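This note's numbering applies: residue 1 is where the sequence shown begins, and numbers increase by one.
Heads up, a few of these hints could be off.
Each computed DSS-like pair below joins lysine-lysine, with the alpha-carbon atoms no more than 30 Å apart [what the hints assert, rightly or not]:
#	residue 1	residue 2
1	Lys89	Lys124
2	Lys73	Lys126
3	Lys49	Lys89
4	Lys49	Lys124
5	Lys73	Lys124
6	Lys46	Lys126
7	Lys49	Lys73
8	Lys126	Lys49
9	Lys126	Lys89
10	Lys46	Lys124
11	Lys73	Lys46
12	Lys126	Lys90
13	Lys90	Lys73
Beta-carbon label-pair distances, calculated as ranges [as the list claims (entries may be wrong)]:
#	residue 1	residue 2	range
14	Glu14	Glu116	30 to 40 Å
15	Ser53	Leu136	33 to 43 Å
16	Asp17	Asp55	15 to 25 Å
17	Ala137	Gly83	22 to 32 Å
18	Lys73	Met1	30 to 40 Å
19	Glu116	Ala30	35 to 45 Å
20	Glu116	Lys90	32 to 42 Å
21	Ser54	Gln20	16 to 26 Å
22	Asp31	Pro128	32 to 42 Å
23	Ser23	Met1	26 to 36 Å
Derived from the structure by calculation, the hints contain no laboratory data. What you are looking at is a predicted structure, and each value in this text was computed from that prediction instead of being measured. All C-beta atoms in this analysis are idealised placements derived from N, C-alpha and C, irrespective of residue type, glycine included.
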Amino acid sequence: MVNLIILIPFAADENCDLDQMSSAFQRDLADSSKKSLPENVSAEVKEIKIVHSSDTYTCSEEDVVIVFGHGGKDNADLTNNQGQRATAKKTLEMLETMEAQTTRRILFMCCYSAMEGHLAHKWKAKYPTQMTFGGLADIASLYNGPTRSGLFTGVCKALTEV
1 MVNLIILIPF AADENCDLDQ MSSAFQRDLA DSSKKSLPEN VSAEVKEIKI
51 VHSSDTYTCS EEDVVIVFGH GGKDNADLTN NQGQRATAKK TLEMLETMEA
101 QTTRRILFMC CYSAMEGHLA HKWKAKYPTQ MTFGGLADIA SLYNGPTRSG
151 LFTGVCKALT EV
């Protein structure tokens, strides 16, 4: 069993859609008897931990990391629905500080993150042996799933390996 680490590269904010969706997924998984996430996570999940920009967390090699933010076609920066922006550099530095490069895999659950020059490719260029996934297009269209757990599994399935 693994810990699923959701990195939200912003300060915690109960009004932020990223926080709301992550917390709902965390609750849904805790309440569910099914703990397996096959879609690109490929593991049974012991616990979901939500990590924000001001938090301190050190990954273990058995962790799976999801980077959660809104991406765009034009650049590799991330945003949230509160008007905040996290640069690609800042996001990658957060991942390195928490030693995400030591984990079994990393999923950039961000629109367009698998495009050339965006987060997943930047990470993969630096850590070529780590399994890395990203979104090729507007994966936000999947955010209208029937449940939050369905949302996360649907989006995870839509990511492609880089």
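Compare the structure with the hints numbered earlier in the document and write down the numbers of the violated ones, lowest to highest.
-> Of the numbered hints given earlier, those the structure breaks are 11, 15, 20 and 23, listed in rising order.
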